[in-house]
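Chemist: Chain by chain, the residues:
There are 2 protein chains.
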Amino acid sequence: MRTEGRHILMDVSGCNPEILNNLELLKKILKEAAEYANATVLDVAFHHFTPQGVSGVVVISESHLSIHTWPEYGYAALDFYTCGDADPKTACEYVAEKLSATHIQTTEIERGIEKNERYTQEIVGKRVKEDGEKLLVLP
Amino acid sequence: MRTEGRHILMDVSGCNPEILNNLELLKKILKEAAEYANATVLDVAFHHFTPQGVSGVVVISESHLSIHTWPEYGYAALDFYTCGDADPKTACEYVAEKLSATHIQTTEIERGIEKNERYTQEIVGKRVKEDGEKLLVLP
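Line by line, the protein sequences are chains W and Y. Each residue of the first sequence is one higher than the one before, starting from 1 at the first, in this note's numbering. Each residue of the second sequence is one higher than the one before, starting from 1 at the first, in this note's numbering.
Extracted from the complex, chain W is given alone in its bound form (with noise of 0.2 Å):
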């Protein structure tokens, strides 16, 4: 299996503090969003914090999606880790719709580049969006 995988880490703001707070909606949300980047679940593991919050990771046969959120600040963290086909940017997209964020950061890292036996990571882009915007790329 070849070693080279795409991590986006997402922090998205101004979501719907309910959908945040809902355990069953976001294991849900998280698997379609595995299913849009071509990936194939194999396991969850989801908890709910007192008084909120969730954190939940969705094991993929390309690696994983992660999510952690804060209700109170209608904030949540997520990162999609895939290799091989599956599209990690469209996981992040469809994620970030379903939670209805206003505000979008990315940053996205190869991993696995072999370089003489050896497995590095490179930084190839962080994007940002706001409100009405298209998903922009920073310099």
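Hints listed in this document are in silico derivations from the structure and should not be mistaken for laboratory results. A hint or two may mislead.
Identical copies look the same in the list; a pair holds intra-copy or inter-copy alike.
[What the hints assert, rightly or not] In silico DSSO-like pairs for lysine-lysine, Cα to Cα no more than 27 Å straight-line:
1) Lys126 - Lys115
2) Lys115 - Lys98
3) Lys129 - Lys115
4) Lys31 - Lys115
5) Lys28 - Lys98
6) Lys89 - Lys126
7) Lys28 - Lys115
8) Lys129 - Lys89
9) Lys126 - Lys98
10) Lys28 - Lys89
11) Lys98 - Lys27
12) Lys126 - Lys31
13) Lys98 - Lys31
14) Lys129 - Lys98
Since the structure of chain W is already known, use the hints to place chain Y on it.
Modeler: This is chain Y only, laid out in the frame that chain W set:
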């Protein structure tokens, strides 16, 4: 709960292939790493691939630790995301040592930084370590 978190992406190579293919041992190492980082384990989801390789995630009350291994290349990709007082660097160093890694590269990202009710992320450091050296901060 505070939104600020530290997220470390770690690529390790030159690792012991037998360890990288041992699901139960990797689960033990990651749970121990969580404890070393003063994190509380809530749930785990691990999967062994055919013919080889393991994907696993430990959900902690302070976020998550994940590992994806390629025993055939002596390579593993990890990410450690912690909030509050948990220390992801300690967890990283513990795991790298347990996998007998000879080359380590990390990128550290600060998550959930509040600016005008928007929550953003920032790359705060990159490090590399060769066998026998100390973990060096990259420019």
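Chemist: Each of the hints needs a verdict: does it hold here or not?
Modeler: Going down the list of hints, with the structure as the test:
Taking the shortest Cα distances, Lys126 and Lys115 sit within 27 Å of each other both inside one copy (24 Å) and across copies (17 Å). In this assembly of identical chains, Lys115 and Lys98 lie within 27 Å of each other by CA distance solely across copies; the values are 23 Å between and 39 Å within a copy. When the C-alpha separation of Lys129 and Lys115 is checked against a cutoff of 27 Å, the pair qualifies only between copies, where the shortest distance is 15 Å, while the shortest distance within a copy is 34 Å. In this assembly of identical chains, Lys31 and Lys115 lie within 27 Å of each other by CA distance neither inside one copy nor across copies; the values are 34 Å within and 31 Å between.
Proximity of Lys28 and Lys98 under a CA criterion of 27 Å is satisfied intra-copy only: 11 Å inside one chain copy versus 35 Å between copies. For the homomeric pair Lys89 and Lys126, the shortest alpha-carbon distances inside one copy (12 Å) and between copies (24 Å) are both at most 27 Å. Taking the closest pair of Cα atoms, Lys28 and Lys115 never come within 27 Å of each other, the shortest separation being 39 Å inside a single copy and 30 Å across copies. Taking the shortest alpha-carbon separations for Lys129 and Lys89, only the intra-copy value of 13 Å comes in at or below 27 Å, while the best inter-copy value is 30 Å.
Taking CA atoms no more than 27 Å apart as the test, Lys126 paired with Lys98 passes inside one copy only; the shortest distance there is 21 Å, against 33 Å between copies. Taking the closest pair of Cα atoms, Lys28 and Lys89 come within 27 Å of each other only inside a single copy of the chain (18 Å); across copies the shortest separation is 32 Å, beyond that limit. In this homomeric assembly, Lys98 and Lys27 come within 27 Å of each other (Cα to Cα) only inside a single copy, at 12 Å, whereas the closest approach across copies is 32 Å. With identical chains, the CA atoms of Lys126 and Lys31 are at most 27 Å apart within one copy only, with a shortest distance of 25 Å there and 32 Å across copies.
Proximity of Lys98 and Lys31 under a CA criterion of 27 Å is satisfied intra-copy only: 12 Å inside one chain copy versus 32 Å between copies. In this assembly of identical chains, the alpha carbons of Lys129 and Lys98 lie at most 27 Å apart only when taken from the same copy (15 Å versus 40 Å across copies).
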